[in-house]
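*Asks:* Heads up: the sequence shown at position 630 corresponds to 630 in the numbering used here, and the numbers run straight through without jumps.
In case anyone wonders, no lab produced these hints; they're calculated from the structure. Heads up, a few of these hints could be off.
As the list claims (entries may be wrong) - Restraint ranges, calculated between C-beta atoms of paired labels, are given here: (1) 453 to 57: 49 to 57 Å; (2) 1021 to 408: 49 to 57 Å; (3) 1069 to 184: 39 to 47 Å; (4) 1021 to 188: 49 to 57 Å; (5) 184 to 1009: 48 to 56 Å; (6) 456 to 214: 43 to 51 Å; (7) 751 to 617: 42 to 50 Å; (8) 395 to 173: 30 to 38 Å; (9) 912 to 959: 42 to 50 Å; (10) 627 to 586: 40 to 48 Å; (11) 753 to 501: 41 to 49 Å; (12) 62 to 186: 46 to 54 Å; (13) 735 to 535: 39 to 47 Å.
As the list claims (entries may be wrong) - No more than 27 Å apart at the CA atoms, straight line, and that leaves these computed lysine-lysine pairs for DSS-like: (14) 639 to 576; (15) 576 to 245; (16) 741 to 782; (17) 579 to 532; (18) 245 to 615; (19) 810 to 765; (20) 810 to 457; (21) 453 to 187; (22) 71 to 103; (23) 919 to 725; (24) 549 to 614; (25) 245 to 811; (26) 751 to 765; (27) 810 to 639; (28) 264 to 227; (29) 579 to 615; (30) 373 to 996.
A virtual CB, placed ideally from N, CA and C, is assigned to each residue, including glycine.
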Amino acid sequence: MSTTATMGEMANSAVEFYPKRGGGSAEVNHAGDFGVTLDELRALMELRGAEALQKIQESFGDADGLCQRLKSSTSDGLSDNPTDLEKRRQVFGQNFIPPKKPKTFLQLVWEALQDVTLIILEIAAIISLGLSFYQPPGHESEGCGKVSGGFEDEGEAEAGWIEGAAILLSVICVVLVTAFNDWSKEKQFRGLQSRIEQEQRFAVVRNGNVIQIPVAEMVVGDMAQVKYGDLLPADGILIQGNDLKIDESSLTGESDHVRKSSDKDPMLLSGTHVMEGSGRMLVTAVGVNSQTGIIFTLLGAGEGEEEKKEKKGKQPEAAVETNQNKAKKQDGAVAMEMQPLKSAEGGEVEEREKKKANVPKKEKSVLQGKLTKLAVQIGKAGLVMSAITVIILVLYFVIETFVVEGQSWLPECTPIYVQYFVKFFIIGVTVLVVAVPEGLPLAVTISLAYSVKKMMKDNNLVRHLDACETMGNATAICSDKTGTLTTNRMTVVQAFVNDQHFREVPDPSQINPNTLEMIVNAISINCAYTSKIMPPDVEGGLPKQVGNKTECGLLGFLLDLKRDYVPVREQIPEEKIYKVYTFNSVRKSMSTVVQMPDGSFCLYSKGASEILLKKCSGILGANGETRSFRPRDRDEMVKKVIEPMACEGLRTICIAYRDLPCDPEPDWDNEAEIVTDLTCIAVVGIEDPVRPEVPDAIRKCQRAGITVRMVTGDNINTARAIAAKCGIIQPGDDFLCLEGKDFNRRIRNEKGEIEQERIDKIWPKLRVLARSSPTDKHTLVKGIIDSTVLEQRQVVAVTGDGTNDGPALKKADVGFAMGIAGTDVAKEASDIILTDDNFSSIVKAVMWGRNVYDSISKFLQFQLTVNVVAVIVAFTGACITQDSPLKAVQMLWVNLIMDTFASLALATEPPTESLLLRKPYGRNNPLISLTMMKNILGHGVYQLVIIFTLLFVGEKIFNIDNGRNAPLHSPPSEHYTIIFNTFVLMQLFNEINARKIHGERNVFDGIFANPIFCSIVLGTFGMQIVIVQFGGKPFSCAPLNMEQWLWCLFVGVGELLWGQVIATVPTSHLKCLKEAGHGPGTDEMMEDELAEDEEEIDHAERELRRGQILWFRGLNRIQTQMEVVSTFKRSGSFQGAVRRRSSVLSQLHDVTNISTPTHVVLSTANASTAPGNAGGESVP
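With the hints as constraints, model all of the structure from the sequences given.
*Replies:* The structure is reproduced here in structure tokens:
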């Protein structure tokens, strides 16, 4: 199959993947039950436009005919009969695409075993085990000099295997813990995904009632109601539509919206977005049979499902299957073809493919960037230290044995010497194990996973893990007004009717009856029929508003006028509506045309008052007759009616109508000619009260150094009034409130291009952007993110609910979508979903984000202290006494304490309100601040002094045997046990110190709020007692008496006191300290930009790939130079080439800083080789 296969062919090649259930005989019955088979429907859904219509006419007569064959009704939908629904699932499949199988626990164990340091340890342990079983002939070993001194005691020689076995055991422990953590992380992520998928509901008609059902329950034959902002969950045929436009870019890559109508192009495909209009569709294909399902099948998401069905299929079919699978392997090329379908708009297919296959979206977040860099640096240092340790030990041994004592290497002594070398090697590896902070990624994951779980309770559903931590650095929030800052419960409170301004809803008797009739008709008909007002859930509650809230406000106005909208709608059902111009962000109005009994037409319009009034040429006057409405009258009305309403924070809506003749019939597609020359019926003021908790939340944000900006489609006066109520603007502040028009005028140059310098003049003071279009929102977000005015790059969070907010949500560092009011498109583009649509939940997200950052810092402060001390002790001890004071197994225990347990204990600290009292850290702030550095070094010094004192004069202090220079398999000494015990206890108490990283005095503050921390500290202490008293040979421990224990404890508690001493030293005086763990430099940021396009690369690989990247750069430089030359030859300006290049890039992904041509080329070269762009726009 050629790689240029069309979508149709590819989909057909997928048809046979699913053998019909139970072979042929059943098939006939199915056709008997339903007048159409699965294959016929699949073939039908391959067609588009005119072809599809022709096929429907040939096969079914019309869409209604197909509907009857599927035993459904265009008006009442399916009956809610469970057996019928189940049968449909049997015949046509479920609306569910089976996700990839999760990794099994064993696979995760296998992955954890791939860790390099663990492999080295395993090898060392196995060699050590093997050698311990080899007994050299006793009498000859005398010749090997003092080396074999330890073999006198037969019992001890037997126990030589214990160390190797103990190392292996501890390796197994580490592996199991890591695998378990990965497994629970994966499980949580899947739980989250399934929850996101269950949350998605869709409106279908069953038994004539519109109900919301989970998407997975939709079946073929359902009558689904599609509306603006939906993401279609299944394929279907449009039965009736109003001005429906679909964005099919996720399937076809065409960014233009496609008009759908039942008489021209009725085919609706799953996975596409409704950008405008509304309609009803008959579901014809679900799950793996829908267009998206077929693509996922090609991409291998449904493999498990196929295998199951293959087994069900009969033998001959199985043979076909195997051929099919061969074909499918060839289709690998096709699957690659599918990749470029990810469209210029940022690949919803890819996004959804990732979401459906439940692969966590892996981006490199700021924190992970800093951590990777830090871990690599520490690892390198550890490697060097461990290598030096091994070399020194080996040299010392060789010189001592063969030079100083003049021994010669005897063959029968070889195993003994080798055992020594293995021991040295194990010591070296242990140093490395302790030095490498493999607990870092663990700490980050635990911290994020813990936060995500807890954030669910705070109404934040996190879709991308790292959004949670980015939020802690947020410096700006661009928020919607309606529904986020306000309650989104609209009520009409003022009206201007018949030249009279009513301050509250008028009594029906005060309005001219004709005018009242017009109002009732205009509102009832010209509101989406899906908007209704339902009786309250509880007695005495407020009535329930269903559908568009503004429209519900208007319908509520009719009820207040003692009139009802239902009879009007029954008289003119949806099918009878002639034409609808649906609301969108460009029109800012909605119009509906109905045909009158005499054949003429009446157009009803409603929309933003200042926009609609410009189209009005008449107005209904005092006693209901029409009088002319001139621009002069309009200005007066704006001044006297609209502005006063807006200044009280009301949204003003104008209601108007126009009569149109039937002969000649107007040209309905020429909207400008139709929606003009209107007659204004009334202007109403709708109130949307501010949520009571919002002003407080905004105050918290401002105190935390986060600027809140309001971006709304509303009138500027309304917006300003609400902003003042919320506290976004305070009297006396220096702020800007702009309308979209002014904003655009100010940021564009003469040629109409946006200039960053101009945006930089505006955004720092801008607080309210009113009457803004979605592009304005995107421009503002991009402008703030790209700005270089302040030394810190701004981190921007954006809230959005509409389809049109998608680009801004994607562009922002963190996108918040509304869980209740949000459209599917917005949720798809977001990082976090606010399940209660409430602004104050964002503040919680900030708190959790900062908490993640702090948890990691606490862990780092603790871990690095242990690392520094353990490495120095092992290193110096080995060099001076030929043996590490801390044995390999002990080191692994320490490693377990400080990595796994400490990351659990410190990463699960709950957040406190005090986190909101400081300014954001900023993206390039170092992970390890000066205060932390001071703590790490301070505690390190304390621990080293204690341990070296014990090592060299400990036997005198405690009056015990000296443990230094012990022979090979000598029994464990009390001396070294005391050192090990003291070391661990100091770490335990230092763990309590590590709970505070900003130099606070009270380290016990809120310690009982974290039960995990307490239980881990106590648990570790208990384990330590067991290890020391009963660990014996495997742990190289001798039991200690009470007095020795008290001394060890005393030294440990000394850590807490010493911590107070350190806290007293002012950080500012320690100029010599350096911070560590800065963010990636600008150069690397560029590389990270590239890496984002590719699958996240393993950190170690990233190190290797530096070389490749430099190689790319070299090529690119040459390429650029050649291009420059050829461009000049073509006598076009080089600028042209760069511009063309940047247009290609902007399609690939928003490239930051197109400052120099090299940068531009660099990004293209990599992006076009990225797997996500297999087809790749070629570089010009």
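*Asks:* Look at each hint and say if it fits the structure.
*Replies:* Taking the hints in turn, this is what the structure says about them:
1. 453 to 57: 49 to 57 Å: holds, 55 Å
2. 1021 to 408: 49 to 57 Å: Given range 49 to 57 Å: holds, Cβ gap about 51 Å.
3. 1069 to 184: 39 to 47 Å: holds, 45 Å
4. 1021 to 188: 49 to 57 Å: 30 Å Cβ-Cβ, so the 49 to 57 Å window is violated.
5. 184 to 1009: 48 to 56 Å: At 23 Å between Cβs, range violated.
6. 456 to 214: 43 to 51 Å: Violated: the Cβ-Cβ distance is about 19 Å, outside 43 to 51 Å.
7. 751 to 617: 42 to 50 Å: At 36 Å between Cβs, range violated.
8. 395 to 173: 30 to 38 Å: holds, 34 Å
9. 912 to 959: 42 to 50 Å: Since residue 912 and residue 959 have Cβ atoms about 48 Å apart, the given range 42 to 50 Å holds.
10. 627 to 586: 40 to 48 Å: The hinted range 40 to 48 Å is violated for residue 627 and residue 586, with Cβ atoms some 31 Å apart.
11. 753 to 501: 41 to 49 Å: This hint holds: roughly 44 Å between Cβ atoms.
12. 62 to 186: 46 to 54 Å: holds, 49 Å
13. 735 to 535: 39 to 47 Å: About 44 Å separates the Cβ atoms of residue 735 and residue 535, which means 39 to 47 Å holds.
14. 639 to 576: violated, 39 Å
15. 576 to 245: Roughly 20 Å separates the two Cα atoms, so the pair holds.
16. 741 to 782: holds, 18 Å
17. 579 to 532: Between residue 579 and residue 532 the Cα gap is close to 21 Å, so the pair holds against 27 Å.
18. 245 to 615: OK: residue 245 and residue 615 at ~25 Å, within 27 Å.
19. 810 to 765: Roughly 24 Å between the alpha carbons, so the hint for residue 810 and residue 765 holds.
20. 810 to 457: holds, 25 Å
21. 453 to 187: Holds. Residue 453 to residue 187 sits at ~12 Å (cutoff 27 Å).
22. 71 to 103: violated, 42 Å
23. 919 to 725: Satisfied, since the Cα-Cα distance of roughly 24 Å is no more than 27 Å.
24. 549 to 614: holds, 25 Å
25. 245 to 811: holds, 24 Å
26. 751 to 765: holds, 25 Å
27. 810 to 639: Cα-Cα ~39 Å, so violated.
28. 264 to 227: Satisfied, since the Cα-Cα distance of roughly 19 Å is no more than 27 Å.
29. 579 to 615: With Cα atoms ~19 Å apart, residue 579 and residue 615 stay inside 27 Å; holds.
30. 373 to 996: Given pair residue 373, residue 996 holds - Cα atoms ~24 Å apart, limit 27 Å.
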